[in-house]
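Engineer: Next come the chains, spelled out residue by residue.
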Amino acid sequence: MSIDLGMPASGVAGVPRLPDGDKQTKRDFTSDQEVRWCPGCGDYIILNAVQSFLPDLGLRRENIVFVSGIGCSSRFPYYLDTYGMHSIHGRAPAIATGLATSRPDLSVWVVTGDGDALSIGGNHLIHALRRNVNLTILLFNNKIYGLTKGQYSPTSEIGAVTKSTPAGSVDQPFNPVSLALGAEASFVARTMDSDRTHLTEVLRAAAEHRGSSLVEIYQNCPIFNDGAFDVLKDSEDGQARILHLTDGEPIRAGEGDTARVVVRGADGNLSVVPEKGADPATVVTHDVAAADPSLAFAISRLDDPSMAHVPMGIFRNVDRPTYDDGVRAQVAAASPDGPATDAELMELLHGKDTWTVEGSMEPRA
Amino acid sequence: MSTLKNIDSVVIRFAGDSGDGMQLTGDRFTSDSAVLGNDLSTLPNFPAEIRAPQGTLPGVSSFQVHFADHSVLTPGDAPDVLVAMNPAALKANLGDLPRGATIIVNTDEFTKRNLSKVGYAESPLDDGSLESWQVHPVPLTSITVEALADFDLGRKDKERAKNMFALGLLSWMYTRPLDGTRAFLATKFAKLPDILEANLAALRAGHAYGETTEAFSVQYAVAPAPMDSGTYRNITGNVATAYGLTTAAHRAGLPLVLGSYPITPASDLLHNLSKLKHFGVTTIQAEDEIAAIGSALGASFGGAIGVTTTSGPGLALKSETIGLAVSLELPLVVIDVQRGGPSTGLPTKTEQADLLQAMFGRNGESPVAVIAASSPSDCFDAAIEAVRIATTYRTPVILLTDGYLANGSQPWRLPSLDELPSVDVEFATEPNATDAKGKPVFHPYVRDEQTLARAWAVPGTPGLEHRVGGIEKADGSGEISYDPANHDTMVRLRQAKIDGIEVPDLEVDDPGGDAKLLVLGWGSTYGPIAAATRLARATGAKVARAHLRNLAPMPANLGEVLRSYDRVVLPEMNLGQLALLLRAEYLVDIQSHTAVRGLPFTAVELAAVINEHLEVLHEGSRA
Ligand SMILES: Cc1ncc(C[n+]2csc(CCOP(=O)(O)OP(=O)(O)O)c2C)c(N)n1
Ligand code: SF4
Ligand SMILES: [Mg+2]
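Protein sequences appear in the order of chains A and B.
Those letters in the first sequence? Residues 128 to 492, by this note's numbering.
Those letters in the second sequence? Residues 32 to 654, by this note's numbering.
This is chain A alone, in the form it adopts within the complex (with noise of 0.2 Å):
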């Protein structure tokens, strides 16, 4: 499945420890700011989360490092006790490339919005992907600019009336897993704000990965698109929606008789059907470890506008070599013997022609 270079398979790997015995706590990791978002926002929760398994992955706490943009999510590092970095709109992805390309011992996570990751920052993104950098990157998506006080963005729905679409927007929407799976991502899953148990799993999860981690994260904006994902958290609609993604499982919404399922019709193509009465050798098992992402691109495909059917969870999760790791394989290839020497550097000033002046600046005869 995985290349073998010698690389280490785990995404903190290399990244120094607590001395055992030792724990931290959320406390640790919440810093002397005073949070900001508006009340009842979805990034609190998520906060929250995160603060709170930070310390379960047991690394130093000056090892990890949140980067991120610009929008009301791209605040996210500010609240963290570790280091962090609150840069410009939609680069986060470059820098944190750089870092994390140059400092193996770091544990760098990117907190983006929709709009700084699909918009302005749609290039970085996938570039990000598609190399495979050791990153975990978490995209706020509320549907909607927050910061800029409520116009669309790329994940907004046809038809949504926001302050710059008054008469509803006509631009298509990204599905985030999708475009992260046609751009290479290694791994893709998506959770939701509410759901505080299946977010830390999914963290955990991405953390874990070793490459670029792309976890799309439903957040609620009370303020400008209050109830986006609704019709997700009410409990019992909710769980007739959310397609469950488990690996080697078959997909599976609502439970008991009117449970659904993913099958795979005669056509190829994945539908959502009721569990009773479905041909068992239709039903589709999840395989988060396929090479082939064309599964995991169709059953991102299940989900449309109207959140008829939506699927949580991973959808995918490969080894692959990473970006970093190979850039710095060759670094160390280059140089076995440990840093250049001056020695060194002054054969390669002098490189291959030299000549030699013994004279001074009296004309010559």
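No lab work stands behind these hints: they were computed from the structure.
Some hints here could point you the wrong way.
Below, in silico cross-link-like pairs of lysine to aspartate or glutamate (EDC-like), each with a Cα-Cα straight-line distance of 16 Å or less [claimed, not checked]:
1) B:K306 to A:D159
2) B:K219 to A:E328
3) B:K187 to B:E177
4) B:K308 to A:D464
5) B:K308 to A:E474
6) B:K468 to A:D159
7) B:K573 to B:E533
8) B:K306 to A:E474
9) B:K573 to B:D540
10) B:K573 to B:E643
11) B:K470 to A:D159
12) B:K573 to B:D597
13) B:K122 to B:D158
Use these hints to put chain B with the ligands onto chain A, whose structure you have.
Structural biologist: Only chain B with the ligands this time, still in chain A's reference frame:
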């Protein structure tokens, strides 16, 4: 038998189709001259198209080399010798050739078809239009093919060796040794023994042609130039810049991380640095210029020396991230190899029109250090200086070079190890403040009193965890602050930090000490201005000369220097950008002389400018 004549300097231009190998021919001739101890300077000039249609004017590529028995400041105003491999090369270059100059033409290419491609109705070799020049018609292609008659190679391969024939001939004419080229070919064609032998044979044949034909009656010798003792090599600006960066990182003991996106004429920096992995150099070819500088800044945040290299259009894309680096106060080296603009402009030609972009091309008050290299070999020192300023003051530094410096070459006296400046970088390892409860904490915006550089703690340092960002920060603590007075303080602090960077005083070259006219320059105009000054002084003119390396901040004595002359003239390859700054800053009525032809100034042109201004001074004193 030919006679041997000693001359003090010569300018040769090799010109041909882009496929004719003129750059290589020129390069080899240069190396052989350098080894002889001549001082020299070169100017390659190639088309933007990789392969413009064969035999056309846009497809002409040339390489000019000026070598002498005295110090050489420019690649030469006008060639003494033109080697024209086809009609297009003749037509494109004839205008630069003074009457009486020597032209060696490859007559084989003067076919009806090739002549009509460049609009010659009749062959200039036959219609008398070249009467004022000394023309040597040589059927270069066919003699080469003939010389290779015994080789089991196709005609095309044989023809391709004609540049070595030309090199052999010119080497004979100017008594250059062939050993260097032989060794070079042996390495280049180590895996292609047939091609190697053919090239060697062509080289020999060219040499023999000069020796045996009556056509060339004179051979020339150019004695070595007096130079400081030491070991020398020839170096182009782009190689010198790459080596300077590598040297600075080596001296600092830190890894160098280059984030770059290919663009002419800066791409060679990426190529050169990507070959230096054994010096701890990491290169990232990013998806665009914004990502390139982003990855460099990310690396700087992690404690590496982050560098990004580009040309004008790329610098435009990097603006926002340079602004972020100004706000984060992290070291970052940005190299802009200027080319003709605006927009795509003249990608392969030189210009100095990015100065104002470098100084001010960002939103907000966003000061950075700006320095400019003055010659190909000076790129080495300038790159080290850029790293030193960036790391010492935690600031972006923009180093301006240009197409002329990047591709031009000159001999470089190699520095010894102890001549190399040291680059010392200190990271914070301890808390530097206390919080309200008296607990020791780290405040990232506490400054060094002397340099105003902020404390730099890199991730991985326990206890110093902190967040930085592009939002305004409170002086000292670095926390987000929207306080009006604090913003005013921070804007002024960032400016004061740049203004306080230690730069050497401007030195003035005024041998008599009584000149009333000062010629000031910056960047790659150094050579032409110095050569022009030399010309003017040779005719008795009193003129002082000074050259600016530090453009932000400028030397402390600059205003005083400017005011101490009756007249200051400033040649620039833009429409007067530095003149604008100096007028605004020092209220001195700078006389701007500008040209934007994509080519360096000539010494003769600038000497005339000097004389014009001396004339004005003279008239003024009479009035
Ligand atoms: C270069 C640049 N362009 C525009 C902006 C304005 N801006 C800030 S955040 C933002 C959109 C944020 O949307 P999203 O990424 O979805 O984040 P959210 O606020 O919804 O979390 C925009 C357009 C900016 N800061 N910089
Ligand atoms: S605008 Fe929306 S996304 Fe931004 S903080 Fe307020 S609620 Fe949260
Ligand atoms: Mg948003």
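Engineer: Evaluate each hint against the coordinates.
Structural biologist: Going through the hints against the structure:
1. B:K306 to A:D159: Violated - the C-alpha atoms of D159 of chain A and K306 of chain B are around 46 Å apart, more than 16 Å.
2. B:K219 to A:E328: Cα-Cα ~58 Å, so violated.
3. B:K187 to B:E177: holds (13 Å)
4. B:K308 to A:D464: Judged against 16 Å, a Cα distance of about 13 Å means the pair holds.
5. B:K308 to A:E474: Distance of about 15 Å is within 16 Å: holds.
6. B:K468 to A:D159: holds (12 Å)
7. B:K573 to B:E533: violated (32 Å)
8. B:K306 to A:E474: holds (14 Å)
9. B:K573 to B:D540: holds (11 Å)
10. B:K573 to B:E643: At roughly 13 Å apart (the allowed maximum being 16 Å), E643 of chain B and K573 of chain B satisfy the hint.
11. B:K470 to A:D159: Holds. K470 of chain B to D159 of chain A sits at ~13 Å (cutoff 16 Å).
12. B:K573 to B:D597: Distance ~12 Å between K573 of chain B and D597 of chain B Cα, so the pair holds.
13. B:K122 to B:D158: At roughly 14 Å apart (the allowed maximum being 16 Å), D158 of chain B and K122 of chain B satisfy the hint.
Hint compliance for this structure: hints 1, 2, 7 are broken, all remaining hints hold.
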